[in-house]
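Trainee: The chain contents come next:
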Amino acid sequence: MNNIIEIDMLNKSFKDIKAVDDLSFKVKEGEFFAFLGVNGAGKSTTINIMCGQLKKDSGTVIISGHNIDKEIDIIRSDIGVVFQNSVLDGPLSVYDNLESRACLYGINKKEFKDRLYELADILDFKNLLKRKVNKLSGGQRRRIDIARALFHKPKILILDEPTTGLDPQTRRLIWKVIDKLRNEDKMTVFLTTHYMEEASEADYIVILNKGKVSTSGSPLELKNKYTNDYINLYNVNEEIVKKLNLPYKEIKNGYRISIKDTSIATELISSNKNIFKDYEIIKGNMDDVFLNVTGITLTGGDF
Amino acid sequence: MEILILTKRNIKLFFKDKGLFFTSLITPFIIFFLYVTFLGNVYKDILLTAIPKSIELSKSVINSFAGSQLTSSLLAVICVTLSFSTNFIMVQDKSLGVIKDFNVSPIKSTKLSISYYLSSIITTLGICFFGFLLCLVYLGITGMYFSFSDVMYLVLDIILLVFFGTALSSIVNFFLTSQGQIAAVGTIISAGYGFIAGAYMPIASFNKTLQNIIAFLPGTYGTVLIRNHTLRGVVEELSVQGVPGVVLDALKDSVDFNFYFFNNKVEIWTMYLILILATIFLVLVYILLNVFKKQKIS
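As you go down the protein sequences, you meet chains F and U in turn.
Residue numbering for the first sequence is 8 to 310, as defined by the numbering used here.
Residue numbering for the second sequence is 369 to 666, as defined by the numbering used here.
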């Protein structure tokens, strides 16, 4: 797969604050890429530079084979952005909003109507077309934001915390649509999120801290590198667990034993069949990865 | 095509934003309220105290003299203040972050700027012509001495003044980014422009220094042009009804029918020239600001 985004030695400062510091990473075409970091880590600054909204201090940004310094208009046609906060016109109807945004990409009236009904089907907002945007619920508005970003069929969809504050049903719908776009249209998805469960679905993750890449890799690689596995062992007494000589803590109806990786867990269970009768092996999750990499827990609310 | 749709979007947004729409009507309502409560009588007194007691004027011409001044004050002020309000859509897009949505698209910033300018002109012209129509109806009932050419000249004056006001507001609004700034500038323009345009009291009644300062403001000539074309017929009728030329000249000076730049009377064609050149200059500045901004971002 070719790289659709190539960022090399990117720098951006705001007065004395270095927001992005020699940042380099690549995103492959069709990849689901997660860009993680606490607030102020440099995620939004990087996205704003990629969209041509902010001037970089130095470095190279190549998107879809086009250099941002020379061909920003072509790049803008290739990306669709869902902003953290909705930036649609509240007093106007959904139809009027999408009509005015479609014209930004030179989409004519017929193409507009065809695409509008196609997206209304996918994102289930046919019944909302005449409603004013400021009268929509958070979930309904989010679906319109996504429709706006997809209107011109971009190659790259940038999602800046797209599901924050949404109900589980809307989240499911949004991820269903994004999965469909990835699978059927081979769209590259560039996600920033505070929900580690969403990030764990990504093909590749970059964790940013103070404008620098702290670590990167697939979710599995990161979990293997930065977290332990756990065995939850039930219906045993503490004396037996103590004899295993491994770190453990008490949980409901049993004990959680910490082990380095799954192969050691397998070995341990095989050699202690009489103890391991009621158990489960759990891999470390992305929250653990994030905590171990940055020393901070991301709070995205209940998922 | 893009410009048309964006212009349509801006116009719709202005009328659907009740806050912006009603705020824009504050100045004309204040002028109308002042007229009903006391300005109407002040205008009539100016006329009646100026003419010799021996001359008896018809009620219609007295009403028309006052009504024409109301019309000219209203039109002169709303052409400029409304253009600021209608152009606030540009600032609102920045303060609400909507501009980000435009900036991530390949649309040229020039097209966006033109759409703001066009929508502001169309909306302001629409409301001004509606206001003019209401004034014509009012004058038609109380007393009107407009010729067809007066009406045509007034249409031209309104168009020019709206073009001027929109160019000026485009430049001022270019630097604004927040709702607070919209409120501050809106208040200053609403309150201040009526005063310097002579809507509340004629410029001729200000002290000489202030008159000389106001003479440097191109918008003043738009006001004087409108005053000329609303009062021309009434002045002619006053002459027919026996008011001496000397009295009429003094009257014309006192109600800004005539305007002086450091004691030199400014001719009508000069006023048109000043207004047109000032508008062209402001539009050029607006274009340059946009070009400079584009270079700064890209």
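Don't read these hints as lab results, they were simulated from the structure.
Computed from a prediction, not measured in an experiment: that's the story for all the values here.
We put the beta carbon where it would ideally sit given N, CA and C, even for glycine.
Please note: incorrect hints may appear among the correct ones.
Part of the chain F face toward chain U, derived, beta carbon under 8 Å [claimed, not checked]:
(1) SER71
(2) VAL88
(3) ARG108
Trainee: Identify every previously stated hint that the structure contradicts and give their numbers, smallest first.
Mentor: Hint 1 alone not satisfied by this model.
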